[in-house]
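**Q** Listed below, chain by chain, are the residues.
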Amino acid sequence: MTSARILVVDDEPQIRRVMRTTLVSRGYVVNDARNGEDALEKLREERFDLVLLDMNMPGIGGMETCRIIRSQSDIPIVILSIRNAEKDKIEALDAGADDYVTKPFSMPELLARIRAALRRAPLASPGAREVFDLGRTVINFAARRVTVDGTEVRLTPKEFDLLRFLASNPEVAIPHAKLLQAVWGPDYGEEVEYLRVFINQLRKKIEPEPSHPEYLLTEPWVGYRFHLPGKD
Amino acid sequence: MTKALLARVFTLLRLLCAVGLVAGMTFLYTRVVSVNNVTVALTFLLAVLAVATWWGLPEALAASVAGVLCFDYFFLPPIGNFTIADPQNWAALFAFVATALIVSELSTHARKQAVESTRRQRELEGLYTLSRNLLLLDSRAPLAQQIAQQVAQVFDLQGVAIFDRLTDRIYRAGPHDIPVEDSKLRDAALQGTVFEDATAKTIVMPINLGGPPIGSLGIQGTSISEAALQSSASLAAITLERAHVQEVATRAEAARQSEELKSTLLDALAHEFKTPLTPIKAAVTSMLSDGCSSPTHQELLHIINEEIDRLNTMLTEAIQMSRIEAGQVHLHRSPQSLSALAQSQLQRLAESLEGRKVTVEVPEDLPPVRVDPEFIGIVIWQLLNNAVRYTPPGSPLTLRARREGAEVVVSVADCGPGISEAEQQQIFQKFYRGKTHRERIPGTGVGLTIAQEIVRAHQGRIWVESQPGKGAKFSFSVPCAPREVSA
Chain G
1 MTSARILVVD
11 DEPQIRRVMR
21 TTLVSRGYVV
31 NDARNGEDAL
41 EKLREERFDL
51 VLLDMNMPGI
61 GGMETCRIIR
71 SQSDIPIVIL
81 SIRNAEKDKI
91 EALDAGADDY
101 VTKPFSMPEL
111 LARIRAALRR
121 APLASPGARE
131 VFDLGRTVIN
141 FAARRVTVDG
151 TEVRLTPKEF
161 DLLRFLASNP
171 EVAIPHAKLL
181 QAVWGPDYGE
191 EVEYLRVFIN
201 QLRKKIEPEP
211 SHPEYLLTEP
221 WVGYRFHLPG
231 KD
Chain S
233 MTKALLARVF
243 TLLRLLCAVG
253 LVAGMTFLYT
263 RVVSVNNVTV
273 ALTFLLAVLA
283 VATWWGLPEA
293 LAASVAGVLC
303 FDYFFLPPIG
313 NFTIADPQNW
323 AALFAFVATA
333 LIVSELSTHA
343 RKQAVESTRR
353 QRELEGLYTL
363 SRNLLLLDSR
373 APLAQQIAQQ
383 VAQVFDLQGV
393 AIFDRLTDRI
403 YRAGPHDIPV
413 EDSKLRDAAL
423 QGTVFEDATA
433 KTIVMPINLG
443 GPPIGSLGIQ
453 GTSISEAALQ
463 SSASLAAITL
473 ERAHVQEVAT
483 RAEAARQSEE
493 LKSTLLDALA
503 HEFKTPLTPI
513 KAAVTSMLSD
523 GCSSPTHQEL
533 LHIINEEIDR
543 LNTMLTEAIQ
553 MSRIEAGQVH
563 LHRSPQSLSA
573 LAQSQLQRLA
583 ESLEGRKVTV
593 EVPEDLPPVR
603 VDPEFIGIVI
613 WQLLNNAVRY
623 TPPGSPLTLR
633 ARREGAEVVV
643 SVADCGPGIS
653 EAEQQQIFQK
663 FYRGKTHRER
673 IPGTGVGLTI
683 AQEIVRAHQG
693 RIWVESQPGK
703 GAKFSFSVPC
713 APREVSA
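So the protein lines, in turn, are chains G and S.
Following the working numbering, the numbering of the first sequence begins with 1 at its first residue and continues without gaps.
Following the working numbering, the numbering of the second sequence begins with 233 at its first residue and continues without gaps.
Keep in mind that the hints were calculated from the coordinates and are not lab data.
The reader is advised that the hints may include incorrect statements.
[Claimed, not checked] On the chain S side, residues computed to face chain G include the following (Cβ under 10 angstroms): (1) L356; (2) A502; (3) K506; (4) T507; (5) P508; (6) I512; (7) N537; (8) S569; (9) Q579; (10) L581; (11) A582; (12) P605.
[As the list claims (entries may be wrong)] Partial selection, computed: residues in chain G whose CB lies under 8 angstroms from chain S: (13) E12; (14) I15; (15) T22; (16) K103; (17) P104; (18) S106; (19) M107; (20) P108; (21) E190.
None of the values given here were measured: they were computed from a predicted structure.
From the three backbone atoms N, C-alpha and C, an ideal C-beta is built for every residue, glycine too.
Modelling step: build the complete structure from the supplied sequences, incorporating the hints.
**A** Right, here's the structure in full:
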């Protein structure tokens, strides 16, 4: 786990330097890129387990880089940005980021976020349902595959973990904080906007009618609930 | 005076001429040609009609009276005295008198109307010319001056004066300097009253467009009716008002642009400062978490870390302030639970509480509020952070929320030194820092201003209650969310 390969993308050399020093000392394998174009090229050439991506860079910029990476890969992306407005966070998550850290950050916090992003939710306990046939949508947790009307849809690891956690507790309203802690990690709990964005993306991918969700239901003031059709 | 005398002499001359005309005709009929009485009466009526048309009622009346007397004396038997023998002749004389009076009255009236309509037409033409000319004024020169010139020129007035309240200046135009004191022009504009001086033939009236007067217009001359004067004043008002609005808009735009530039610069600057802070913070926190340095080094690293946080907070506040001032705050309001908002801010603050116990009193059934969670979070944080900074470690804080009608009031109370009444007035002002703590407690003095602006944008209020020595209580109100809306 500690030999995970991390790509640091930032136009500031001092940030790349401090990240490289710290992350290497923690046992990670680190490479860096000076801008989005550089990062995309390195991602094509090498395998990485995580991208730390700066938002404000010359060239195509962080947001667009994030979109391109996400369109090609499921790799966890953690955004590092000076902007801390909620709309910036939501825009980044919408572009496919898994997490958003505001600069300047403390290193222990970033390390926790990196661990959370690398972390995979434990496999479903033995005996748990492995395949959910919802009619048009079929979720195979064992194979990490989701098909809608026979066509496979690609979920990012975080999306998949979120869906699995909800589906393994069907018909139960799960509070925001519990969902965040289960899927992102114990340090999370306040980032309700993450859930909004990820649930929206999941709805777009697995719901036959995303604007009128059948499976992923909002529980006002509480959280979300996974609904098994046919149990009304 | 001589003019009035001259006019009287002329009137007298015209009266004499009217009487002379009748006398001449009488002479003609008695001495030169002999005609019957009907012809005499009819030609006398003709003469009265002519006099009435040419000159007016007084002259026509004079001609009528002369005609009656001459007709009776020279033509109705017995001739040579004013008695009338035949009752039929009484009837004839009465018919003559009545006809003469009616004819003179009617023709005078018709003549007056003709004169009046000509004058109105001229004035309308004048007003039309004026409105057209006012549209074409040169915006570089003082407008009121040009308006005064146009009014004087178009209506051929001896003098015109315009007082423009906005510039507080008086502009005069026309061949003569109008005998109206500046104070009168000012009074007309300030009180909205009309001053008229018949002997000097001056009139001063306020210029307004429905609202309070924006100036006043004074004229000297008789060639303009009250109605035309009113219309001119209205035209002047429209022209001045349009110019004022244009000027205000231009100035506001310039101010907005300069404010925007300032905010953009501040925003960019703050971001630029945060960039080098990032590797410093990352490096220091990394060293702190390694835990391999001596206690002295650890303490020094803590100091660096705390000062970075302080610098970062200042920069964040500067960015927030510049956004708020540039009007870039766009609220995304939705129903929110205040207790959740408060809890998350308390978590943020946990590290700096230093033994201060925070009591949270939020009723279970508190309705959701319609706010932007991010911005109201900033307000709660500012109030809590202020309470922490200005009270000694260990002293208790209370965060309360309660419903008051259609609003929820949130308050943060502390048991610190309190705030004097004089300072309570000032603490919401930008860059104000508490006098007694200025030296000791770090800060930029914009925190409460930011909180105030955010609360205002939510149509809420923010206030402070405090007595020196007895702590302070900061409160703000935000509207409840409508019931039927759910997240």
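**Q** Confirm or reject each hint.
**A** Here is how each hint holds up against the structure:
no.: 1; hint: L356; verdict: violated (61 angstroms)
no.: 2; hint: A502; verdict: holds (9 angstroms)
no.: 3; hint: K506; verdict: holds (5 angstroms)
no.: 4; hint: T507; verdict: holds (6 angstroms)
no.: 5; hint: P508; verdict: holds (7 angstroms)
no.: 6; hint: I512; verdict: holds (7 angstroms)
no.: 7; hint: N537; verdict: holds (8 angstroms)
no.: 8; hint: S569; verdict: holds (7 angstroms)
no.: 9; hint: Q579; verdict: holds (7 angstroms)
no.: 10; hint: L581; verdict: violated (13 angstroms)
no.: 11; hint: A582; verdict: violated (12 angstroms)
no.: 12; hint: P605; verdict: holds (8 angstroms)
no.: 13; hint: E12; verdict: holds (6 angstroms)
no.: 14; hint: I15; verdict: holds (5 angstroms)
no.: 15; hint: T22; verdict: holds (4 angstroms)
no.: 16; hint: K103; verdict: holds (4 angstroms)
no.: 17; hint: P104; verdict: holds (4 angstroms)
no.: 18; hint: S106; verdict: holds (4 angstroms)
no.: 19; hint: M107; verdict: holds (4 angstroms)
no.: 20; hint: P108; verdict: holds (5 angstroms)
no.: 21; hint: E190; verdict: holds (5 angstroms)
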